[in-house]
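Two chains, two frames, some hints: make the complex.
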Amino acid sequence: MASDSDSDQDFVTFGTPLEPLEEDEPLRKPVPVHEQTVKDEKGRYQRFHGAFTGGFSAGYYNTVGTKEGWTPSTFVSSRQQKAERQNARPEDFMDEEDLGEHGIAPKEITTTADFASGRKDLIRDKAKTVCALSALIPGDSVLEDLVAPARSSIGVELLRKMGWKDGQGVGPRVKRRPYKQKEDTASRAFGSVLPPNGSEESQDEEEDEFVPENVTFAPKDVTPIDFTPKVDLHGLGYQGLNPLAALRYGPGAGHINLFTMDSDRASSLCGNDKKGPKRRRGGVAGQAFGVGAMEDDDDDIYHRDTMSNYDMVLGEEEPGDGLYGWTAPEQYHRKKRDHSKDAAYLGKIIEGFTLASDKAETKMIFPPPDLPRDFRPVHYFRPVVDMSSVSPMVAKALQASRGHMVEETPSQGGRHQLDSVQRRQLLGETTLQGPSSVFDLLKAEDRERLSGLRKPPPAPSPSSEAPPRQPTLGEARAAVVAAGVAAAKASAQKALSSRFAPPAEQQQLEALSVWSGPTAQAQTGPVFKPFEKTPHKQARYDHYIEKLKQGDRDALEVSLDPSMTEWERGRERDEFVRAALLYKPSSSSLSGRFTRGKHDDCVDEDTVEVTRDLENDVDDKQAAVKMKMFGKLTRDTFEWHPDKLLCKRFNVPDPYPGSGFVGMPTVKRDKFSVFNFLTLDSSPTATASPTPQAVKAPEPGKRSRWDVSGPAREGFGEEKQVKDPLSEFLSVARSEASSSGPDPLTNNIPSSDTTAEHEEADTTKTNEDEEEESRPPMDLFKAIFASSTDESSSSEGEDEDEEEEEADQTKAEDPLLNPLNASQAVPPAAGMSPANQSAHAASSSGPPGQDILEEEEFGPRLPPPSSMLNEPCPTSVPTRKEDKRQKSKEKHKARKHGKNKKDKKDKKDKKKKKRRKHKHKGKQKKSSKEESSSGSSSEGGDGNSQEGGLVSTEELLRRLKSIHGKTLQ
Amino acid sequence: MSFPQPKPEVPQVPQHLLRTIDCQQGAVRAVRFNADGNYLLSCGSDKSLKLWSVSRGTLLKTYSGHGYEVLDADSSYDNSQLCSCSSDKTVILWDVATGQVTRKLRGHAGKVNCVQFNEEATVILSGSIDGTVRCWDTRSRKFDPIQILDEARDGVSSLKVSEHELLTGSVDGRVRRYDLRMGQLHVDFINSPITCVCFSADAQCILTSSLDSTIRLLDKSTGEMLGEYTGHTMKGYKLDCCLSSKDTHVLSCSEDGHIYCWDLVEGSLTLKLPVGKAVVQSLSFHPSETRLLTAMEGHIQVWGAEPDEQEDIVVVKQEVK
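Residue numbers (the UniProt record's numbering), protein chains in the order written: chain A, 1 to 969; chain B, 1 to 321.
Pulled out of the complex, with its shape left as it was, chain B reads as follows (with noise of 0.2 angstroms):
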């Protein structure tokens, strides 16, 4: 007697729109899955961060205290703590349930474009625009930064931490890996400023994007190139490429109003999702799920593998060809 075989699931891309919400916080500047996925930040231009239920689209809280753009935030593992960075130059730690500023974080010589706290929210870590990564304890009352990391010999335009690694881009086109463990720092050549890179979900490779219109995944021990994507616009902009939660699919922001989406291994492009006509920000993939957040001008949207009844998607449906 045998059992059929378990269909291997085909693996799903968000191309239904669920959501779409209205930020009112002018150009969202970055939207950011928390850690479980339930809750989204938003960055406007108009010096506010909002937190948002993703399932309901409601407005949860409204974090002020920036004195410029916010331009990227995170969330700590256990949904206490914010970080927040602007054009201000500041780093601002949240705390979440009263929206109180728990530490202003000054030292930048710039705009602060990325932020990260570490696996245990111990540590934030900024890139600034001054081509420095600043490391600032959330533990201790000091308010210098435990270390800087002026390598960059251009600003820092993006940021990922893991474990033990810390993932810089910056706009000199080099990708910097910090090993903490090993006391290394490894130095990938990509000729073209960098806008994002991410780790994979396993921690083996990395993805940049660049401003040659291109994103490259990258072995992480050798920095040997194992697949380039390409078809979409980023040239001027600074825009987010994430991967899937499942690593199967490589998502990028695009100026032409879409998100493309690659298969990983194949490198051909399995969708590509209009967003509208201005260019999409940011994008921001859900870490179990298949979710995606995207964002552009003033408004998010959440998109599922599966479409909501309960939205009317008569609109959407008229954008998909």
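Just chain A, with the same shape it has in the complex (with noise of 0.2 angstroms):
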């Protein structure tokens, strides 16, 4: 009975157990899969989750969420009360089932592995003190309990064995004191030097007297130590395959192992490892490698460990090496070959030291670079300055508070930036000797010979730094033939360069026009220097500015350094022309208007901020529109930053999310650099490039965008200030296609009285063509002149000026007088600029009376509000009251609008805008006049050119009659 106690207590139950068969009853049937059901431990129903998913015990009564419902318990709603940081255990996510007693962390006190003896078998131990105490000893069990094992792994068990004591080394026996070298073993185990222990020295030394010859003593427990230094990039331990030895001498185990001691390692893998056979000839061997097919032998494919490579026997029956089975590596073949290195040392060997067996590798030691004497171990950044710009004193300090001299950096560019005086200096070679000219080698009557052949006296040449020779008779002979051929070459040249660069030549005349003019004589004031950097450059440059102020034709030429190259004397005649273009004196008005901006606060001041992106050439897409090849070849495609609230507000997502800036991107240029502005040369508003046809024209050639706002304004040619040949042919043929091509608002006129008309219609047409062919008549500049100066009394020096220089151009526009202008080829159409063409042009076309309402403006206009007031509107039918009305309201404008005039012509104060005023009034009245002459019939009359303030009563009072036979019709 107490048994089946016993047996019933011994049984764990898990699961529900099956019911016990009875022989007598059917079989039943299996429940199917959907009516079995699970309960838990207090008899719910469970739903099964799947396995994966919770099993049977997902969440909180089969749902997702928890006691607290969905409220993460970190979580605390309050502000002042901050939920704490909590650390979550383990068991804060076990539900009940895994701490009861068969989870994963049952919750019952139980005896660890530590606390348990050494069969730990409770069950067991329970049985035995039930069996003990009915044993006949009583207490046997209780002895049992006293002594427990110890734990001790093998090796430490079989190192017992061995006689091995704790506390001790491990190895071959010592004696205290070993004399020689080869008995010091311990130390060779671990590598090839050991360095002494110092207290273990000591010891021994305090020791010795009293040790035996013959007791030997265990080693001292130290843990060894690889000393071998870690030079690769592998991991610890580990070093991969040397290529060659891994390819020629595989070891004769079969395969590499990667993985053993730093010695043992070197001396299988790098070829020390003399005694395995070798075998093999080549490739990689291994098992893993397997055998390639090249060669011959394949043995050893199945790598067979063979229990002979092993060392079967333990402690004393291994012979006479004293290790008593400790295989220290590489104990056995080591040895020898150490003692006969040593013994062929010739030197004294330390006691305590071997030889190396490898040579340390000697670093190579490179001197350092001779500093040079005045070398300063400090450097400083300075701050970049430009030489030009400070007193020279400064300029000096600066210099010499540098190391060294430092050249001046060239402007920019490569070496085709410099010339040949910056080369040579850069170079440092000296001043070539001799004659620097053909010129030179004259003699001096040659020499006035020769520059009485060309018309201007040409200057000494400037550079000219060794004093002429005084050349002997052959010599002279030679050079005149050379300056001879020279002088042809050099006619034949101009004479080429005249005919394919002929707008190089307008330039060169337009520049001197400029500069000849009387405003730049008068300038006194300090002339920009564009070639500051390059000082001789600069006095070239000067001294052509010279002679152009004092109307040389030939100063370019002049002023050039003959002892350049042609290439280089072009570039500088371009450089030279477009700077004097660009730097001309501005008229007096305009320079007294304007104060020369300073920029203090700019930290570099010849930079300028560029759009990063430059437009494509305009000349090659004014030709592709004109081809009507729109596409390619007229767009450009820019980098543009949105900035990014703009984005924000259009509801997409800013596309350069880092970038710091808005806009097109900019780059600093150098500001005065020539070729800075050459691209500005087509741009269509630059507002100071030289224009060719600004020189011919009867106004100043400074026109700006600004300035223009007057009449001349007014057509819209006129304000495309083309720039270029193309588009000055496009704007010609423009003005010219509007100009004589039938104009329909003035030919078209099926007028009743024609033949008045016609006739009006002719003089106004020669009139333009007189205007076209050739100067206005006196009486129109006697009164312009004579109105502005009772008008302007503010200005008047100004207008001194103005008249001055309008005199001068007006002189300038004479062929007879200039002889500039007469060289220049006179196409038919060219006796006037086109611009001042198309604005006559349009000035005839357009609305006269509209000039005074758009002055201001530079775009397309409006048109004029209340033209066609006097004219009925189509589509109301006015009675005659108030078309009466409006007349009367329309005559009260018109003369508001001439107050208006008046007004404004008062403010202005320019002169060259009321001259043209004063044209458009004369031309105004004509067309008003051919106005009143022309019938109201006309249908398609002319809109524009009316000007309502001036019809007659009479005249409205027909075309009224007129319009209301019509409305009657």
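Each hint can be trusted.
Here are the simulated DMTMM-like cross-link-like pairs (lysine to aspartate or glutamate), alpha carbons at most 25 angstroms apart as the crow flies: (1) 644(A) <-> 165(B); (2) 644(A) <-> 119(B); (3) 632(A) <-> 266(B); (4) 628(A) <-> 247(B); (5) 628(A) <-> 224(B); (6) 626(A) <-> 219(B); (7) 628(A) <-> 266(B); (8) 648(A) <-> 95(B); (9) 644(A) <-> 144(B); (10) 628(A) <-> 263(B); (11) 648(A) <-> 150(B); (12) 648(A) <-> 202(B); (13) 632(A) <-> 179(B); (14) 42(A) <-> 98(A); (15) 648(A) <-> 163(B); (16) 644(A) <-> 120(B); (17) 142(B) <-> 643(A); (18) 632(A) <-> 224(B); (19) 107(A) <-> 92(A); (20) 67(A) <-> 98(A); (21) 107(A) <-> 91(A); (22) 644(A) <-> 150(B); (23) 644(A) <-> 179(B); (24) 160(B) <-> 643(A); (25) 644(A) <-> 163(B); (26) 628(A) <-> 212(B); (27) 626(A) <-> 212(B); (28) 628(A) <-> 228(B); (29) 160(B) <-> 636(A); (30) 626(A) <-> 224(B); (31) 104(B) <-> 643(A); (32) 648(A) <-> 165(B); (33) 246(B) <-> 263(B); (34) 626(A) <-> 266(B).
Derived from the structure by calculation, the hints contain no laboratory data. Keep in mind it's a predicted model, so treat the numbers as computed, not measured.
Right, here's the structure in full:
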């Protein structure tokens, strides 16, 4: 019975027991899966959630929630009382099943392995105690309990068997004082050279006398330290395959163990291991790699590890090495060799040392570079100072403060930016001795003669550093020949260039006319120096400007350095002309009005912000437009950075999230680089860029966008001041079309009294033609100047200047007075500048009454507000009274306009504007006359050219009648 | 059993004059439909901006506050706000209902030629004769523009906004398209001062009119020319052009007092609508229907595809040959 109860106690029941089978019972149907139910310990049904998603115990009452609902326990909604950080334990995530008896963390008190006895079988223990009680000798198991076996590893046990004791080192026994090198095995075992242990040494010395000769001691217990430095980048303890060794000498064992002790590895891989039979000729050998097709012996494919490879014997049986089974890796083969090496060494070997087996690599030590004598070991960054902008004293000081003289950095660009003088300076060459020009070789009289051939006397060449030698007779003859050749060449070249480079010539002439003007002469202030960085170039430029001021036509040729190459000269010629045009003297009125900007706050004065992406050539585009090839040719695409806020407002993501700027990316450019402005030439809004026709035009050449707000601005062709030949041509063509083509507004009028009208039209036309071909009549000028003088009271001095300028311009325009213009080939339509022409054309076709209102406009204008008010609107049928009222209103308006005109006139102080206006006035009168004579029946009448206020009342009445009649129809 | 194929509807053109409105505000500088086309805005040279009902032709409100003639106006998508620009260098944001000035935006250096809301009326874009386009924020209280687009080398004469693109036409003969999404600026060279630019309804094409009396239809993405429309006169004045609501026709003002209407695909002149003897200043096409507004001097004309019975159209008949 008791045993029964015991057996009951012994078993632990898992799961539900099967119901005992009864023999007579019929076989029950198996319960289908969907009817099988699971209940928890309280008898509640549990739902199955899937084996991997929780089993039967998912969540809280079969929900995914918790007792608290969805609120995480770490959340506290109050602001003052912050949620504390909770360290979650694993138990927080366990349910009661896990904590139960069979869960993963049972919460019952159990014996851990530390406290369990060897057998650790509680039930058996219990049974034993029960048995012991009933045994003969009671308390038998008590002893067993007391003597619990200590746990030690099998290695320790083996060592103990070998005679090892705790606290001893492992290895062969040693004498206390190892006299001979070969017996110093303990140290040898762990590396080639072991640093002597100081404390051991002292101990040894103390005990030396009391130690008998034949007593050996166990070695000290030291952990071996590997002293080979780690020099590779592999992981600790890993050494990669040495490809040489791997390919040539496979170790006899057949595979390379990558994880052995260093020394072993080194010997096997680095070819030191001569012991192993060299059976393989090459190829990577080993189990992992198989045998290559080129290898003949394949006996090692399946590496068979035989037991003979292993040492099977423990203890004393190993003969003669005194290692007692301790198999230190390389004891055996090293010993002899080392010894022989030691013996081969001639010098004295210090006790405790052996010769190194491999030579330590001698580090190459390179000597430091020789410092220059005046080298200062301190570097500081100096601000970049433009030498030309500071005073010479400061510049000198700065130069001196540098350790050594720094070459002035060439402005920018490569060697092509330098001229020969600069290059020479850079290279440190001396000035070329001898004549720099062929003229130097000439005799004085020859020179005279030659210079007499060229009209203007050539200036002495500026770069003649060396005094001209006194030439001998033969030399002179040769020189004359050379000079003749050179002169011929020059003239030929000149002819060529004049033929093929008319724009350049034009520009030269233009520069000449600009600089030789009275304004330029009068200008006393400092002239801008564009080539300040290269003094000699600036000198040449100054010379050129001087010559220009004197009106010398050959100014350019004279001022250039004859010692330069033709290419250099050509480039400089170009630069000078451009610079002269760019920095031409501003008229006194303008210069008086503007003050020079001061860029004190600007750090780098010589740079200017320029948009990085420049537009393509406009000429190409215009050509493309002319051919109607829109698309790639006419399109430019730039990077453009919108503002962040703008993107936000437009609901688009910022295309450049990191960019700090807005708009088009800009770069700093040298402000006064002439090359910088070369592109400006083609841009239509260059304010001061030279226009070839501007000089020829009767008005002053320096017109800017803002200058031209006068009536001349009226024509649409005007504000497109075209700068290049193609567009010039275009504009000429357009103006021709608009002026000479049948004007639909004036010529297509089916009028009743045609003769008068035709006359009028003819007169206007001829008038126009006159204006185009020759100067306006003198009385016009008179009218202009006379009226302007009494109108402008405030700015008399300015006007005088203007007048001067004007006179000069007209003088320049006269082909007879100025030989320059005579030299220009005059195409039939080019008697006047295209711009002016188009202005005339526009003013002739455009409404003249409009110019007062639209004077300040630059773009396309707005239509006249009420030019047609006297004409009945076609859609609304006004009664007669209304019409009359309108007319009277119109008159008022017209009067007002007139007043406006006057007022504005008074305000004006610019002469040229006024002059133009006057011209228009005259025209307006004419056109209005014309209109009054032309019938009102004209349906497509020229609405633009009507001037309401000047229509006579009879005329109006007549018109009214006709309209009335029409409506009645 | 087969049904007859639905007849393709002939695209209609607004050729019948429905109404003429005398605005009594000087010359009408611009006339614009509102967002849904029920109302129209007229910008007068007497400094006033007027709101009219298109169907009845009645004046609803006058907005005064500009210092010089009003040049352009636009209404927001929800009809709650208006913006207008003027020769007095200002842009004004109006409250429609009260007629009060919500904001007066100063900053342009010259007269402001064109003004537009963006799609959500959060930004006002204005182009001026000073060559800049300024983007004004209607949401913030700041009076500085968000961004100034100063790439134009001459005055900006016209400006249109699509979802994320900004199209400007400048007197320097270039059409610039700012793509905010891509962060790119596309410049198309036309070589003649641009007077008006338009997006097509599908936003794939650009319509430009320039002072060489030519209207060009450009492909938006490549800049290639798809069509060229000539015949009208546009040589000195800043006149409008537009596309019909279904992109079937191209319409333009002309200096000879007509509205020219071309077939978009064929490029042939479909209709030459006589408006009057003066210059047709401005026109605006209804956003959905076939309805057209034109402005000549002090009058506004409303044109439709079908004649309106109530109107006395004797005069019109006389004009149409």
